[in-house]
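Asks: Listed below are the residues making up each chain.
2 protein chains.
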Amino acid sequence: MPSSKTKHCLAFEHHDHRRCQSQLLSAARELCHSRNIRLTERREQVLQILLQSHQPMGAYEILGQLNRNPEASNIAPPIVYRALEFLLELGLVHRIECKNAFIGCVHPGHASTAQFLICKGCEKVAELDNPTTSLQQEASQVGFMIDHSVVEITGLCAECQAND
Amino acid sequence: MPSSKTKHCLAFEHHDHRRCQSQLLSAARELCHSRNIRLTERREQVLQILLQSHQPMGAYEILGQLNRNPEASNIAPPIVYRALEFLLELGLVHRIECKNAFIGCVHPGHASTAQFLICKGCEKVAELDNPTTSLQQEASQVGFMIDHSVVEITGLCAECQAND
DNA sequence: ATAAGTTACGTTATAATATAACATTATGCC
DNA sequence: GGCATAATGTTATATTATAACGTAACTTAT
Numbered sequence: 001m002p003s004s005k006t007k008h009c010l011a012f013e014h015h016d017h018r019r020c021q022s023q024l025l026s027a028a029r030e031l032c033h034s035r036n037i038r039l040t041e042r043r044e045q046v047l048q049i050l051l052q053s054h055q056p057m058g059a060y061e062i063l064g065q066l067n068r069n070p071e072a073s074n075i076a077p078p079i080v081y082r083a084l085e086f087l088l089e090l091g092l093v094h095r096i097e098c099k100n101a102f103i104g105c106v107h108p109g110h111a112s113t114a115q116f117l118i119c120k121g122c123e124k125v126a127e128l129d130n131p132t133t134s135l136q137q138e139a140s141q142v143g144f145m146i147d148h149s150v151v152e153i154t155g156l157c158a159e160c161q162a163n164d
Numbered sequence: 001m002p003s004s005k006t007k008h009c010l011a012f013e014h015h016d017h018r019r020c021q022s023q024l025l026s027a028a029r030e031l032c033h034s035r036n037i038r039l040t041e042r043r044e045q046v047l048q049i050l051l052q053s054h055q056p057m058g059a060y061e062i063l064g065q066l067n068r069n070p071e072a073s074n075i076a077p078p079i080v081y082r083a084l085e086f087l088l089e090l091g092l093v094h095r096i097e098c099k100n101a102f103i104g105c106v107h108p109g110h111a112s113t114a115q116f117l118i119c120k121g122c123e124k125v126a127e128l129d130n131p132t133t134s135l136q137q138e139a140s141q142v143g144f145m146i147d148h149s150v151v152e153i154t155g156l157c158a159e160c161q162a163n164d
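Sequences listed follow chains D and F, in order.
Letter 20 of the first sequence, counting from 1, is numbered 20 in this note's numbering, and no numbers are missing.
Letter 91 of the second sequence, counting from 1, is numbered 91 in this note's numbering, and no numbers are missing.
Keep in mind that a hint or two might mislead.
If several chains are the same, the list does not tell them apart, and a pair holds so long as it fits within one copy or across any two.
To be verified - Cut-off 25 Å, straight-line C-alpha distance, at most; resulting in silico cross-link-like pairs (DMTMM-like, lysine to aspartate or glutamate):
{"no.": "1", "residue 1": "LYS120", "residue 2": "GLU138"}
{"no.": "2", "residue 1": "LYS120", "residue 2": "GLU89"}
{"no.": "3", "residue 1": "LYS99", "residue 2": "GLU85"}
{"no.": "4", "residue 1": "LYS99", "residue 2": "GLU138"}
{"no.": "5", "residue 1": "LYS120", "residue 2": "GLU30"}
{"no.": "6", "residue 1": "LYS120", "residue 2": "ASP147"}
{"no.": "7", "residue 1": "LYS120", "residue 2": "ASP164"}
{"no.": "8", "residue 1": "LYS120", "residue 2": "GLU71"}
{"no.": "9", "residue 1": "LYS120", "residue 2": "GLU41"}
{"no.": "10", "residue 1": "LYS99", "residue 2": "GLU159"}
{"no.": "11", "residue 1": "LYS99", "residue 2": "GLU71"}
{"no.": "12", "residue 1": "LYS120", "residue 2": "GLU44"}
Keep in mind the hints are simulated off the structure, nothing from the lab.
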């Protein structure tokens, strides 16, 4: 899974990545503190790895990052999956279903709904931020109680179309 | 994966299942014929299994069904995955990403877009039929060229809410 | 402060899902 | 028939995920 590729695509072209990361991390800490929930070191490590990458990562890729650290090596899959489960529950992280991968949430607050544009060219993923879609409204009207909803739109971003 | 559970939920309550199946199968045959594409026996077998179930099935579950047939047993995963790939491409089958499972399409024709209501209670899945969502329009307007889009709304159907 | 209860983490093994690579058979076309 | 292509078959293995059980850390009540 290439992670440092052609940075030429999708919504987050010009932004201060370090600042964005640290803001999201602070927000996560505050969220957990306010809810009296423990953002432990492990959980924070996993969140940081995802926020740094800013792109979807597989669980084993995250695991690799954790084990890159020479001290405290040899971490096993369940640890990553448990941290992810925690972060997903809080909406700090989303799962990109069509890639079996995970990505840090850029708009914490909408835990139960997310929409993504997924470029097949540069493999970048942009999170959109629509509070509620017409489909969700429709579902509710039919009496379906929504727990979680996912929209994944795959295709080619403008840049990648141009580069063909 | 329970497949014959509490049939009490979601959109397709009252319908003639056998008829629905055979209609979809005919439609598939016609589609392939008109496009001069081969709906081989294997591919048709897989399609039939999915249409019969009318619910999402894992690839290995399908495999199990194929191997249930005493003659011509011992079929291996790639065969199923290849048939699925073919059927997905044509939009005769959809992939339920959040379950890593596959389901026969009930509205062939919209190959590149599908929406599902997925009940956590009875595990049934209903396919909706909205041609285009506002999100897709939005994506297009941003210059994103959509290849495929997936909407998966998970929750509790009306029946399952009542049965709590 | 300590014992009891709970939550998080660590570890081992294994299950479930998916694909790579290559051999064989069938089909379409000249 | 002979050739090219497409589909299937086969073996092995990669990738993703979880079960089950043990240990450590934190929380709370006494």
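Asks: Each hint needs a verdict: does it hold in this structure or not?
Replies: Comparing the hints with the structure gives:
Within a single copy, LYS120 and GLU138 get their C-alpha atoms only as close as 30 Å, which misses the 25 Å cut-off; across copies the closest is 18 Å, which meets it. Proximity of LYS120 and GLU89 under a CA criterion of 25 Å is satisfied inter-copy only: 16 Å between copies versus 28 Å inside one chain copy. Proximity of LYS99 to GLU85 under the C-alpha cut-off of 25 Å is found in both arrangements, the shortest distances being 17 Å within a copy and 16 Å between copies. Taking the closest pair of Cα atoms, LYS99 and GLU138 come within 25 Å of each other only across two copies (23 Å); inside a single copy the shortest separation is 27 Å, beyond that limit.
Taking CA atoms no more than 25 Å apart as the test, LYS120 paired with GLU30 passes in neither setting, with 35 Å inside one copy and 31 Å between copies. For the homomeric pair LYS120 and ASP147, the shortest alpha-carbon distance between copies (9 Å) is at most 25 Å, but the shortest distance inside one copy (29 Å) is not. Taking the closest pair of Cα atoms, LYS120 and ASP164 come within 25 Å of each other only inside a single copy of the chain (12 Å); across copies the shortest separation is 42 Å, beyond that limit. When the C-alpha separation of LYS120 and GLU71 is checked against a cutoff of 25 Å, the pair qualifies neither within a copy, at 37 Å, nor between copies, at 41 Å.
Taking the shortest alpha-carbon separations for LYS120 and GLU41, neither the intra-copy value of 34 Å nor the inter-copy value of 32 Å comes in at or below 25 Å. Taking CA atoms no more than 25 Å apart as the test, LYS99 paired with GLU159 passes inside one copy only; the shortest distance there is 21 Å, against 32 Å between copies. Taking identical chains as interchangeable, the C-alpha atoms of LYS99 and GLU71 are never at most 25 Å apart, the minima being 30 Å within one chain and 36 Å between chains. Proximity of LYS120 to GLU44 under the C-alpha cut-off of 25 Å is found in neither arrangement, the shortest distances being 30 Å within a copy and 30 Å between copies.
Taken one by one, the earlier hints fail for this structure at numbers 5, 8, 9, 11 and 12, listed in ascending order.
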